[in-house]
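A.B. asks: Protein sequence lines, in the order shown, are assigned to chains A and B. Be aware that the first sequence starts at 1, since it is given in this note's numbering, and climbs by one per residue. Be aware that the second sequence starts at 1, since it is given in this note's numbering, and climbs by one per residue.
By construction, these hints were calculated from the structure, which means they are not laboratory data. Glycine residues also receive a C-beta, built at the ideal position from the N, C-alpha and C atoms. A hint or two may mislead.
[Said to hold, decoys possible] Okay, derived cross-link-like pairs now, BS3-like style, lysine-lysine, Cα gap no bigger than 27 Å in a straight line: (1) B:K169 with B:K181; (2) A:K195 with A:K164; (3) B:K162 with B:K212; (4) B:K181 with A:K118; (5) B:K169 with A:K118; (6) B:K169 with A:K195; (7) A:K164 with A:K186; (8) A:K186 with A:K224; (9) A:K164 with B:K169; (10) A:K164 with A:K118; (11) B:K212 with B:K181; (12) A:K164 with B:K181; (13) B:K105 with A:K164; (14) B:K216 with B:K162.
[Said to hold, decoys possible] If you only want the chain B side, here are some residues facing chain A, beta carbon under 10 Å, derived: (15) V167; (16) G168; (17) S170; (18) R172; (19) P185.
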Amino acid sequence: MTPPAAPQSSNEILVVDDVLVRFDTPDGSVTAVDHVSFGVRPGEFLSVIGPSGCGKSTLFNVIGGLLGHTAGVVSVAGETINGPHQSIGMVFQEESTFPWRSVTDNVAFPLELIGMPKAQRIERARHFISLVGLDGFENRYPNELSGGMRQRVSLARTLASEPKILLMDEPFAALDEQTRLLLGDKVLQIQQQLKQTTLLITHNITEAVQMSDRILVMTYRPGKVKRIVDIDLPRPRTSEIVGSEAFGRYVAQIWADLREEASRGMRDEEDHMMQPAGSKS
Amino acid sequence: MADTSRVTPLAATAPVMSPVTLLRIAIILTVLAVWELLSYSGWLYRDVVPSLLAIGRALIDLLTHGEYYFNLAVTAGEVGTALLLGGTCGLIVGITLGANRFLSKAFESYLYYLGPTPKIIFFPIMIMWFGVGPGSKIALGTLSCFFPVALSAAAGMRQIDKTLIRVGKSFRASTAQMVFKIYLPAMRHPIINGVRLGLGVALIGTLLAETKLSNKGIGFLIINAYSTFDMPRMYAMLIVLFILSIGANAFVGRFGGLDTIRRN
Numbered sequence: 001m002t003p004p005a006a007p008q009s010s011n012e013i014l015v016v017d018d019v020l021v022r023f024d025t026p027d028g029s030v031t032a033v034d035h036v037s038f039g040v041r042p043g044e045f046l047s048v049i050g051p052s053g054c055g056k057s058t059l060f061n062v063i064g065g066l067l068g069h070t071a072g073v074v075s076v077a078g079e080t081i082n083g084p085h086q087s088i089g090m091v092f093q094e095e096s097t098f099p100w101r102s103v104t105d106n107v108a109f110p111l112e113l114i115g116m117p118k119a120q121r122i123e124r125a126r127h128f129i130s131l132v133g134l135d136g137f138e139n140r141y142p143n144e145l146s147g148g149m150r151q152r153v154s155l156a157r158t159l160a161s162e163p164k165i166l167l168m169d170e171p172f173a174a175l176d177e178q179t180r181l182l183l184g185d186k187v188l189q190i191q192q193q194l195k196q197t198t199l200l201i202t203h204n205i206t207e208a209v210q211m212s213d214r215i216l217v218m219t220y221r222p223g224k225v226k227r228i229v230d231i232d233l234p235r236p237r238t239s240e241i242v243g244s245e246a247f248g249r250y251v252a253q254i255w256a257d258l259r260e261e262a263s264r265g266m267r268d269e270e271d272h273m274m275q276p277a278g279s280k281s
Numbered sequence: 001m002a003d004t005s006r007v008t009p010l011a012a013t014a015p016v017m018s019p020v021t022l023l024r025i026a027i028i029l030t031v032l033a034v035w036e037l038l039s040y041s042g043w044l045y046r047d048v049v050p051s052l053l054a055i056g057r058a059l060i061d062l063l064t065h066g067e068y069y070f071n072l073a074v075t076a077g078e079v080g081t082a083l084l085l086g087g088t089c090g091l092i093v094g095i096t097l098g099a100n101r102f103l104s105k106a107f108e109s110y111l112y113y114l115g116p117t118p119k120i121i122f123f124p125i126m127i128m129w130f131g132v133g134p135g136s137k138i139a140l141g142t143l144s145c146f147f148p149v150a151l152s153a154a155a156g157m158r159q160i161d162k163t164l165i166r167v168g169k170s171f172r173a174s175t176a177q178m179v180f181k182i183y184l185p186a187m188r189h190p191i192i193n194g195v196r197l198g199l200g201v202a203l204i205g206t207l208l209a210e211t212k213l214s215n216k217g218i219g220f221l222i223i224n225a226y227s228t229f230d231m232p233r234m235y236a237m238l239i240v241l242f243i244l245s246i247g248a249n250a251f252v253g254r255f256g257g258l259d260t261i262r263r264n
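Turn these sequences into a full structure, and let the hints guide you.
C.D. replies: Shown next as structure tokens:
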């Protein structure tokens, strides 16, 4: 078992140091993320995995600068994050393409915001559209594309802003299994090609093991770091690796950790439902 | 085999006129026939129901004289100005209320109370403030059109997909960029609907004001024809007005409709 790594700002591009997120609710204060610390090295693919309700998405929003935190520090290349940072590019779980913009205009959106001239940004957008394999769809609108294609548009849009760190929150959660596997291959291929530092938030073990250099397992509420696992599998990896023995061992190991947390979560939810109605007030 | 005929594309087998179109034409013809019968029957006071021929003559007379176009231009100018003023104010207020929970809680109920109030009751005040000329008509039209636009914009603002707002923020869009590149395009359907409703009530407000107190405009011509009991002329003007309203509505609708097809 690797203990939660102490942040080493020297060689880590993203440092999450002792981050605490607490929400005030009518029933009292709830701790969503409990003193979480970890670092991401340049070019690394790190996945954060945990059961529903472990504060994964909260962590995603805090690192992305969309949500404030109660205590602790998040820093990118030594710079403390205080709101959305230009070095971090987010890909959301939900449908996030702009339905009124063509694929090209969607991907060019971040470039438009920084005032890049039209010809130049269209050329850059084309490059990233081609990177995610959507050549020929440049002038289509999102409602003419499948869910998997729309998610690739979102990915291309975020990559077009050339973030130092790609931050993804279950980007394939809404897709069917086959699309999810193929899109995973694509993401992995792009990540290796660009040497893109990537932080993936997921609850899918197979996905995490296939893609990651390291996996951070979180506990059920309040979300703490339970374990960080190094995935020592050869690259390049494709979805075919899923059948290998070493792969199976990693999956089993992480599932053993997660199972404990997930069943705690389930019991907790059942307890909530067992409470007679009205006892809350 | 019998089932395959069902999947034949509609366009290939559709008759020149669908049953709906035929029925619509039949209804119009029936109404016209009943009208003509009534006008010749002598059951009603003379000219309350003038013959179609008389209305036709009045229509030609109306459309061949410059006076009508001058007054049409006056009314169109008033409605256009009212739509511009009321629409802009409505949009700004609607977006502000939609974006700010506190302000919307504090003020939006006033909009709901004042929205359905017939704005004509404010006309005497408008005359005192803006005079008997076009000013008071524009003011009443503006007031009428403000409410539907503001309410649709506020509702539209709240319906914006929150993820799209988060996307904009994650790319560090400025407030102006958020408004022009995300909020407004995301709200295009409710806004077009609001403008459509706003156009309707601006037209009503302006014409109503013109019939009350004025010396130019279509409302003035109509009430003038009525008070001199020139019924054919009055009906002719109503017909033209009816056609113009349909045209204006279709124009705004097409504007929104095209958008729907191409960009969802």
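A.B. asks: Now tell me, hint by hint, if it's right for this structure.
C.D. replies: Taking the hints in turn, this is what the structure says about them:
{"no.": "1", "hint": "B:K169 with B:K181", "result": "holds (12 Å)"}
{"no.": "2", "hint": "A:K195 with A:K164", "result": "holds (10 Å)"}
{"no.": "3", "hint": "B:K162 with B:K212", "result": "violated (47 Å)"}
{"no.": "4", "hint": "B:K181 with A:K118", "result": "holds (15 Å)"}
{"no.": "5", "hint": "B:K169 with A:K118", "result": "holds (22 Å)"}
{"no.": "6", "hint": "B:K169 with A:K195", "result": "holds (26 Å)"}
{"no.": "7", "hint": "A:K164 with A:K186", "result": "holds (19 Å)"}
{"no.": "8", "hint": "A:K186 with A:K224", "result": "violated (31 Å)"}
{"no.": "9", "hint": "A:K164 with B:K169", "result": "holds (17 Å)"}
{"no.": "10", "hint": "A:K164 with A:K118", "result": "holds (24 Å)"}
{"no.": "11", "hint": "B:K212 with B:K181", "result": "violated (44 Å)"}
{"no.": "12", "hint": "A:K164 with B:K181", "result": "holds (25 Å)"}
{"no.": "13", "hint": "B:K105 with A:K164", "result": "violated (42 Å)"}
{"no.": "14", "hint": "B:K216 with B:K162", "result": "violated (49 Å)"}
{"no.": "15", "hint": "V167", "result": "holds (5 Å)"}
{"no.": "16", "hint": "G168", "result": "holds (8 Å)"}
{"no.": "17", "hint": "S170", "result": "holds (4 Å)"}
{"no.": "18", "hint": "R172", "result": "holds (5 Å)"}
{"no.": "19", "hint": "P185", "result": "holds (5 Å)"}
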